[in-house]
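Okay, here's what each chain looks like letter by letter:
Number of protein chains: 4
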Amino acid sequence: MDLGISGRWAILFGSSRGLGRACADSVAREGVNVVINGRTSDDVERACAEIVAAHGVRALAVVGDSSTSEVHEALVAACPEPDIVLLNGEGPAPTRFADLRADQWERALRQGLVGPVSFVQRVLPGMIERRFGRIVAISSAMVKSPNSMMSLSHGTRLGLSGVLKGLSKDVAKFNVTVNQLLPERFDTARQEQMAQVAMKVKGITYEQARAEQIASIKAGRLGQAHELGDAFAFMCSAQAGYLSGQSLQLDGGSYEGVF
Amino acid sequence: MDLGISGRWAILFGSSRGLGRACADSVAREGVNVVINGRTSDDVERACAEIVAAHGVRALAVVGDSSTSEVHEALVAACPEPDIVLLNGEGPAPTRFADLRADQWERALRQGLVGPVSFVQRVLPGMIERRFGRIVAISSAMVKSPNSMMSLSHGTRLGLSGVLKGLSKDVAKFNVTVNQLLPERFDTARQEQMAQVAMKVKGITYEQARAEQIASIKAGRLGQAHELGDAFAFMCSAQAGYLSGQSLQLDGGSYEGVF
Amino acid sequence: MDLGISGRWAILFGSSRGLGRACADSVAREGVNVVINGRTSDDVERACAEIVAAHGVRALAVVGDSSTSEVHEALVAACPEPDIVLLNGEGPAPTRFADLRADQWERALRQGLVGPVSFVQRVLPGMIERRFGRIVAISSAMVKSPNSMMSLSHGTRLGLSGVLKGLSKDVAKFNVTVNQLLPERFDTARQEQMAQVAMKVKGITYEQARAEQIASIKAGRLGQAHELGDAFAFMCSAQAGYLSGQSLQLDGGSYEGVF
Amino acid sequence: MDLGISGRWAILFGSSRGLGRACADSVAREGVNVVINGRTSDDVERACAEIVAAHGVRALAVVGDSSTSEVHEALVAACPEPDIVLLNGEGPAPTRFADLRADQWERALRQGLVGPVSFVQRVLPGMIERRFGRIVAISSAMVKSPNSMMSLSHGTRLGLSGVLKGLSKDVAKFNVTVNQLLPERFDTARQEQMAQVAMKVKGITYEQARAEQIASIKAGRLGQAHELGDAFAFMCSAQAGYLSGQSLQLDGGSYEGVF
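Protein chains in written order, with this note's numbering: chain E, 70 to 328; chain R, 70 to 328; chain Y, 70 to 328; chain W, 70 to 328.
Same shape as in the complex, but just chain E (with noise of 0.2 Å):
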C-alpha cells in the first residue's frame, strides 16, 4: 500500500528506542525523512545511521528532553517544516494514589502535557497554512481503563487526550489530522520495568512478572513495537485524511468497554 508521503518530514518525539523508533522506521520506511529525538545521544546517533542506512531518507538528531523549549527549538531549527509529528515520552513511575506529591505531578504533567502542548502550537501554523499536517500521539491503553497506581500516566494523558481531540475538530478542514495510538503492554524496555515493579511490589520472580503481563493481554501475548509503528504510519498517510479525533487502541483486544 502506498501512503502518499514519501519525501515527507516527520519530527518524532522519543523515537531513539522503543515504540516511538518503531514509528520512526516505519514512515521511513515510506520514504519520510525524520527527526529523531531521545535524551542519550548515542541512541539517538544509532537510530539515525540505521534509519539512513535501512531507507535511504534523511534522519536528523536531537538530543534531549522534549519536553523543554529549549528542545522544541532544536526540533524546529533541524525541520522547519515538519508534515508529522509524534509526540511519545516515557511515562511516570508507577506510584501508589496515597504517596502522590505535588512536585511529581508537576513533572508529569509538564512532560506529558503541557511540554506537547506547546510543542504543537509551535508547528501547527505551517502545517495549516501548508494544508497537510499529520500529529499523532502514543498515549496509553491506561487512559479508557484507569487504575489507581497509574494516576500520574492517565491523570497526565488524559489531559492531553481532551487538548488533542478538541484541537482535532478545529483543524481538520485542513487536512491537518490529530490522533492518538493507546498501546497496551508492548515488548519494550517500558514492560521490562514494569516487571521489575511487579517483581519488588508482589514478591514475584521475573518470570511470573512477564507471565501476568501476558495473561492481561486477551490475544494472549505481548504487542509488537513494529505493529504500532505500522498503525502509526498508516494514520500519518495521504489516504487518512478523513481520520482524525481518533484513539485507537493496540491493546490485543484486551479493552473491555464496547467503544
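Please note that the accuracy of each hint is not assured.
Any copy, or any two copies together, can satisfy a pair, since identical chains are not distinguished.
Here are the computed lysine to aspartate or glutamate pairs in the EDC-like style, where the Cα-Cα straight-line distance is at most 20 Å [as the list claims (entries may be wrong)]: (1) Lys287 <-> Glu114; (2) Lys287 <-> Glu325; (3) Lys271 <-> Glu261; (4) Lys271 <-> Asp168; (5) Lys238 <-> Glu198; (6) Lys287 <-> Asp239; (7) Lys271 <-> Glu281.
Because the hints were derived from the structure by calculation, they are not lab data.
Note that the structure is predicted; figures quoted are calculated from it, not measured.
Following the hints, complete the assembly by docking chains R, Y and W onto the known chain E.
Chains R, Y and W alone, transformed into the frame defined by chain E:
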C-alpha cells in the same frame, strides 16, 4: 507498506459498489483474492472483471442478499476458507420515530444483525483453526451519535457492535481480530439517497442538501470511498493482529466525544 | 428529599418481582400510583396489594408479556396518561456464540427492543402534550462491557440504548426525559439463575458460584434491589428534568472504563 | 425519599455561591452539617447563616482558595471526619489554543487537578476506616465533548476524571464512592461570564449570547442550580453505595454520544 496478506482470500458482503467495492479494491491491490457479493448480477460481474484486470487476483461472484442462508452457503461454497470477511449492507431508509413499524424492525435486524452474526458463526471455526482471521464490519458513525430518524439503522448496528465486541474478546488469542469501521458521509450512492430524502423532507434543492452534508463534516468535505477501503486493508493486514475490538470512526474528525 | 411526583402515574413493565418491583416500591413511596405488570397473576396481585397497603397509592394489575400489543393495550387502558414508564424484562438465557439461533434472536429482539419501542411510541405523544414524561429502561451493565455468552442480551439492549438515546434528543424540550439504568449483579432471582448456569457450565458449587459473583464486583457485595429502585425514583423526579439521555451504571464501581 | 445521611458532615469546596452552594443546600436540607468554602468572606458567612436558618444544621465557614494546603488544613481542622466531600472550583477562562501559556496550565492544573487530589489523599483514610465516604467532583460536560477554547478546563478536568475513576475501583469495597457530575450551562454566574466572553468575541448582544446558550441545550433552557444540588444529594445518599465511578451528565439531554 507490505500488508502481508498477498494470496489470502476475502469474502466481502455488499462489495459490488460503494464502500464495499472500495474495500475489495484495496485488499485486491494487496494481492488478496476476493469473493464479490451484491444484489445485481451486472454490478457483481463488472466488479469482478475490473478487479481481475486491475490487480491480477482471483475474483468470484456471488449474487444475492447477504443476510440469507442461501447466499451464505454460496459464499462459502465459492470460498470455503476465507481469511477476511467484510460485513456490509445497505442501511435502512430514514424513518421518523413515530412511524417505526415491527415489520421494518424485523427486516433491518435480520439484515444488519442476525444475518451477519450467522455468517460469522459459519466461518469462525475455520479462522480459529487456521490461526488467522480478520472480520470487519462497516457500521456507521451514528452508532456513537444516534439520531432518531435513523433508529432502524443504529438500533440494529449497535446490537451488532456489541455482539462483535463480545466475540472479539474470545478470539483474539487465535489471531482472529474483529473490528468495525464507522463511516460518516462518504461520497457514495448512499449520500445521494440521503440527499434525495432531505430534499423531500426539508423542501430544499439538491445543491442545498449536498451543502448541508458537507457542512456537517468538520473536514469540510465528504469522505472518499478509497479512504475507507485503505483503512479496511490496514485492519486486515498481518501486522494488525494486535488491533481488535475497535470501532474506528472515519468521519472527517466530526465526532464530538473524546472517546 | 421531595421528588415532586406525588399523584403521578407510572406504568412499570416486569414489576411484580425483582428490580422492577423495587422501582414500583420506590415511586409508590413517593406518592406515585402504579400499574404493575408481570407474567404471573398471583405475583402481580400480591405486589399490588402490598404496595397499596404500604404506600396508600393506587396500584392496578396488568398480567401478561409486556412485549405484546395486547398487553400494551391493557396497560394504557388501565392508565391512559402515564407520566412515568419503566421498560424492563427478563434477559435471555446465556448462550454460547456458536449456539445462537435465529429464533432466539427474534424472541430476544421482540422482547427487548421492538416491543418496548412500540410501547414508547404509544405513550410518548401524551407525555409531550402534557409536558412531563420520565421514560427509564432497566438495561444491563453488559451493554458497555459485552461478553459473548450474553450476546442475545447486549445485542438487543444496545439496540435499545441507541434508539432511546436518539429519541431523548428530540423530546428533552418537552420535559420528557429518557434514561437507562445499567445494573450489574443485584441480589435478585436473576443472579440465582445465573448461579445455576455457572454451576452447570463450570461444575462448581452454589457457594462458589455466588462467591464468584461477589468477586466480580468491586464493592465486594451484590447490589440491593432498593438501591436501584431509589435511583429510578430519582430519575423520575420533577427535579431530574435536566437529566436525559444518560445510562447510569449501578455496578458497585466495577466498570473499568473512564466513561 | 429519605437519603439516610442526616447528621453526617460534608466539606464542600467552592460552596458559597452557584452550583456548590446548591449542593450545600440540598444536603443540608437532608440534615447534613456542612463546611462552606469560598474565596470571599462575606459570601461564605452569608451562605452559612442562610443554611443554618433554613435547615437547622451546623454550617462552618472556611475562607480561601481550596486548592491550597493551608485551606485544606483549615477544612479538616473544622471538620476532621468528613463523610462527604464536594470537589468544585471555578473553571479557567476560555482561551484560544494558540494563546495557551505554561503559567496558565500550571494554575489550572494546580486548582483543578493537583489540589483536589491532594485533599482527597488527606480525607480518604478516615472514610475508609469509617466505612462511609461520598466523594463527588463537579466537572464539566466538556470533558466528554472537548472544545479547543476550553482546553485549560477539559485538559485539567479529564485528568481528574481519570484519577478519580482509578481511585474509585480501589475504595468501593469500603463503601467509599467516587463520582462526578458533568453540568452543562446552568443558570449561574459562570454562564453570565461566558455570555460576556461571547459578546466580546462574537460582537453580539447580551440577549443574543444568552439565546445562543439556550439554543445549545436540547432541553431548550438552562439548568437550575437546585437540580444539580439534588443530584449531588442523591449521589451522597446511603442508598447510593453501589453507584461509583460514574460521570453523570446534567446537560438537558444535549450530549450527542450514546454513552
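Here's how the hints hold up against the structure:
Taking the shortest alpha-carbon separations for Lys287 and Glu114, neither the intra-copy value of 37 Å nor the inter-copy value of 40 Å comes in at or below 20 Å. Taking the closest pair of Cα atoms, Lys287 and Glu325 come within 20 Å of each other both inside a single copy (10 Å) and across two copies (15 Å). When the C-alpha separation of Lys271 and Glu261 is checked against a cutoff of 20 Å, the pair qualifies only within one copy, where the shortest distance is 15 Å, while the shortest distance between copies is 35 Å. Only within a single protomer do Lys271 and Asp168 lie at most 20 Å apart by alpha-carbon distance; the minimum there is 17 Å, versus 41 Å between protomers.
Proximity of Lys238 and Glu198 under a CA criterion of 20 Å is satisfied intra-copy only: 17 Å inside one chain copy versus 38 Å between copies. In this homomeric assembly, Lys287 and Asp239 come within 20 Å of each other (Cα to Cα) only across copies, at 8 Å, whereas the closest approach inside a single copy is 36 Å. With identical chains, the CA atoms of Lys271 and Glu281 are at most 20 Å apart within one copy only, with a shortest distance of 11 Å there and 23 Å across copies.
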